[in-house]
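Modelling step: build the complete structure from the supplied sequences, incorporating the hints.
The residues making up each chain are set out below.
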Amino acid sequence: MKTDKTREKLFSRRAAILAGGQMALFAGLGARMYYLQVLQSERYRTLAEDNRINLRLLAPPRGYILDRFGEPIAINVQNYRIVLIPEQVGDIEATLARLEKVLETGSLDTKRVLRDARRRRAFVPITVAENLSWGEVSRLEVNAPNLPGVNIEVGLSRFYPLGPSVAHVIGYVSSVSEKELTGDPLLELPGFRIGKSGIERRYDAALRGKAGNSQVEVNAFGRVIRELRRDEGEPGREVGLTLDAGLQAFAADRLADERSAATVVMDPHKGDVLAMVSSPGFNPNAFNEGLSNDEWRGLVRDPHTPLINKAIAGQYAPGSTFKVAVALAALEAGIPPEHSSYCRGYMRLGNRRFHCWKKHGHGRVALTRALRESCDIWFYEVALKIGVDRIAAMARRLGFGETHDFDIAGEKAGLIPTKGWKRAALGSSWQKGETVIAAIGQGYVLATPLQLAIMTSRLVNGGFAVTPRLTRDRIEPEFIAPNPDPEFPSLDISKTHRRLVMNAMDQVVNHSRGTARKARLKDPAMAMGGKTGTSQVRRISMAEREGGVRKNKEKPWRERDHALFVGYAPVHAPQYVAAVIVEHGGGGSKVAAPIARDLLEKAQQRDSARHEITGDVAIVGPGKTEQ
Amino acid sequence: MIGTRDRSETRLTQKIWQINWALVLLITIVASIGFAMLYSAANGNLSPWASRQMIVFAAGFVVMFVIALIDIRFWMRYAYIFYALTLALLAGVEVIGVERGGAKRWIDIGLFQLQPSEFMKIAMILALARYFHRLNIEDIGRPLFLVMPLLLVAAPVVLIQRQPDLGTGLFLVISGGALFFLAGVRIWKFVVILTSAVIAVPIIWSLLREYQQGRILTFLSPDRDPLGAGYHILQSKIALGSGGVFGRGFMQGTQSHLSFLPERQTDFIFTMLAEEFGLAGGLGLLGLYALLILYGFSIALRSQTQFGRLLASGVTVTFFLYAFINIAMVMGLVPVVGLPLPLISFGGTAMISVLAGFGLLISVSIHRDVRIGRHGDGS
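In order, the protein sequences belong to chains A and B. Everything in the first sequence is counted per the numbering used here, starting at 1276 for the first residue and increasing by one. Everything in the second sequence is counted per the numbering used here, starting at 1016 for the first residue and increasing by one.
Honestly, I wouldn't trust all of these hints.
As the list claims (entries may be wrong) - Short, incomplete list of chain B residues facing chain A, as computed with Cβ under 7 angstroms:
no.: 1; residue: Gly1192
no.: 2; residue: Phe1196
no.: 3; residue: Leu1273
no.: 4; residue: Ser1274
no.: 5; residue: Phe1335
no.: 6; residue: Leu1336
no.: 7; residue: Phe1339
Stated by the list, open to error - Residues from chain A shown here face chain B by an in silico Cβ test under 10 angstroms; the list is partial:
no.: 8; residue: Thr1281
no.: 9; residue: Gln1297
no.: 10; residue: Gly1305
no.: 11; residue: Arg1320
no.: 12; residue: Thr1321
no.: 13; residue: Leu1322
no.: 14; residue: Pro1335
no.: 15; residue: Val1412
no.: 16; residue: Arg1414
no.: 17; residue: Arg1498
If you're looking for bench data, these hints aren't it; they were derived computationally from the structure. Each residue gets a CB set at the ideal place from its N, CA and C atoms; glycine is no exception.
This is the structure:
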């Protein structure tokens, strides 16, 4: 009994200790709770928000590219695709089979869809098919109740309504390559496209816009529960070009008759490029979805170089079109316009003969007739008198031999040879014979169609150093502001000299013996002036000349002459300049001049329409998307 | 225990009067908090957890009252039998057990799955209480008399370690130790045991399974692997911390409802409560637990027999350990050992076993003046 009492006492003491200890431990838990829930609360609150809130980037719609009248050149179109959510579908194979029936299509890539479904979480949508036609979309909508878990999603993809005709100027967009990643997460969005060439690349920053984002609440598995906040971002800016989409399309059509050609039509006063076509083109829309290897190889290997913008990157011997520059150089060097030569079909220099294109000669010619009938002999002799360096100096003032900071990349400088250049580049001294052939735009002389258009513009605009442009605006990533009309410095070419040359160019087309007589514009108000050119691709050998020069048609395409023409209209108050080259096209008067005529005629016709259009169609909303 | 039918009947009504209704009320309040949390855990649905928990609670309630009304000498007399049966079940787990998540802890008995280790927590207390009941203060001083109770603790611990279940094994060691302490074993003996335990740590460490080692390492540094093993603790702390003082509101806990919190209906239910009701809610529940524990000790102190005292305090210690280890676990104070929050976590066996424990507690209270002989016979 006594022992039980001591036992009870001992128990009571120890129970008290134990209970006290337990309460102390509970107090410790309370302290820990206070630490976590009061002292550290802010931190954990932030972590909890980080956990549940996901930021999703929203790709901004790419800015439109419009022509000078507000006509769309590059737009975005809705692109419908079918997605399937595995957890809502159940039997994926059966659903795909039903889908095939509904779409009346051959085979969907069942294997890939099943593979994706296995790899990803069951609530992540899997793309089944893209670029659905409207018919397919509506068939799908009708059958929607039978296809649970199958949804149609809408995305935007770039579309160029003018297709290949604008490909070189506008360029194209395509998926971002590894090298182009800058750390901007927008570039890492699946399916995001950036400008890869042309205007799309040059003004990519402005066209791209600013990414928006959507804050979504997600659970631990990444499934979106609801959207909390949405910032639409900034859509890409609209870029307006100097191009006239109608003229551009017309020019592309016109050039399509030839195997390989290029043209530039521009406003000689402001430098606005109204049309710039390199033919053949490529379909920029195809680049959106990505080309297959075969398609790509086909484009690269095509001898007509569809991927190169020949209007700015094609360098050709300008042939007789270069005589415009030589004539101006001669006049400035003091050769009077009455100065004449006797053309008997060739000129002897040392023991070499330099031929005129006219076998039996022009007889006595002075400047006007030499240009009008493109007599080579007059230019040979004059060139020998003034020397190659004076010709080169004038050529440079007219825009040859250099690039012009054009809006799109790929511009080539061409080549205007001088004595100094030859010594530096080739290490040998200049030969007189080289001056002779330079006078007719052959030999070392190389020019791009754009430069030919610049030369003509600088001649007909009153002698100002106009440079070409594709947009009138200053385009920066942050803003787009209209530039004031540029004021170009004068080239100090005598008005009399310009008048003399322009008069001769008038006669080239409108005189009964002019080389481009057949290509004249009959409406006197629209009449054009110009200069033909035919440049040899390979030297004509003595043997060939004696056996009779072969006609171009008899030669293989690659060996045929390039046909060139530079022209302007209206002849008395020039508003438009066109430069045309048809690669291996044969004669400039026969092939190139008619194209230039059609372009200048179209340009003038569209001119009146322009004033009407400018008023109300200048603002084209995104609603006007389809042509 | 000789009595007529009449006497036992009158005693039954008396007994019912003597039931500690305040204790029953406290238990019901805590369990109801559990129902509410399970309702929230299912995003405002009674199924699948809250409704089933209510059924289990109702069944457990019946069990509790039946146990409470049975004469305490019955429990004394059959203490070893219960212990032996539960030990047999534990051994059975090894043979016919069901494996879940790499651990074999359950026996499938058709209707539901039984976790014998949960019952062992009570059975061991019963057996130890009976053993120490007959020892007087001198006997307890003799080391030889400690061999038997040490075996009573060691046998189930060994079996449970083989499942393997680190948490429950430690649980039994601690609650057994508490009973040794309450029975009057000398303090220096605990010091010796603890010292040798510290020395044995490296040896035990090498015997632990890799995942058990991982759990302890993760506990020591949860940021070690925030997406792997440390994820649970980290997410639990985030949930707790973001609850603040008054919580994010009932069913408004983002961590719980967006599934960042693992096991929100079982082991981590306290976290959800603290996220949704904040410090206020957490301390409130802690307070209710404290009241239950103090109530248990007061019953133990009022008991006239050593068996009753030890049984009541043992059950109370068990209850405390459940609550303390679970809450400390979700707050990142002890390793994640997979122990439920008593009366609240979803789970049948734990609920029944906790309520059975309370049944014994009430039985001790009702029969506090009943004298018990050395072998469970009245005297």
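Taking the hints in turn, this is what the structure says about them:
1. With a cut of 7 angstroms, the hint placing B/Gly1192 at the interface with chain A is violated, because the nearest CB-to-CB distance is about 11 angstroms.
2. Because the beta carbon of B/Phe1196 sits about 6 angstroms from the nearest beta carbon in chain A, less than 7 angstroms, this interface hint is met.
3. The closest approach between the C-beta of B/Leu1273 and any C-beta of chain A is roughly 4 angstroms, which is under the 7 angstroms cut-off, so the hint is satisfied.
4. Because the beta carbon of B/Ser1274 sits about 4 angstroms from the nearest beta carbon in chain A, less than 7 angstroms, this interface hint is met.
5. Hint status for B/Phe1335 relative to chain A: holds, with the closest Cβ pair at about 5 angstroms, below 7 angstroms.
6. Annotation: interface hint on B/Leu1336 violated; nearest CB of chain A at approximately 9 angstroms, more than 7 angstroms.
7. Here the hint on B/Phe1339 is kept, as its CB sits about 6 angstroms from the closest CB of chain A, short of 7 angstroms.
8. A cut of 10 angstroms between beta carbons decides the hint on A/Thr1281: the least distance to chain B is about 6 angstroms, and the hint holds.
9. A hinted interface residue such as A/Gln1297 counts as satisfied when its beta carbon comes closer than 10 angstroms to some beta carbon of chain B; here the least separation is about 5 angstroms, so the hint holds.
10. Given hint, A/Gly1305 at the interface with chain B, holds; its Cβ is 6 angstroms from that chain's nearest Cβ, closer than 10 angstroms.
11. Residue-level restraint check for A/Arg1320 holds (minimum Cβ-Cβ distance to chain B is 4 angstroms; threshold 10 angstroms).
12. Restraint check, A/Thr1321 versus chain B: the minimum CB separation of about 8 angstroms is within 10 angstroms; hint holds.
13. The beta carbon of A/Leu1322 is positioned within 10 angstroms of a beta carbon in chain B (closest approach about 5 angstroms), and the interface hint is therefore held.
14. Using the Cβ-Cβ criterion of 10 angstroms, the hint placing A/Pro1335 at the interface with chain B is not satisfied: the shortest such distance is roughly 29 angstroms.
15. About 35 angstroms separates the beta-carbon of A/Val1412 from the nearest beta-carbon of chain B, more than 10 angstroms, and the hint is not met.
16. The interface hint given for A/Arg1414 is violated, since its Cβ lies 38 angstroms from the closest Cβ of chain B, which is over the 10 angstroms cut-off.
17. The beta carbon of A/Arg1498 is positioned within 10 angstroms of a beta carbon in chain B (closest approach about 9 angstroms), and the interface hint is therefore held.
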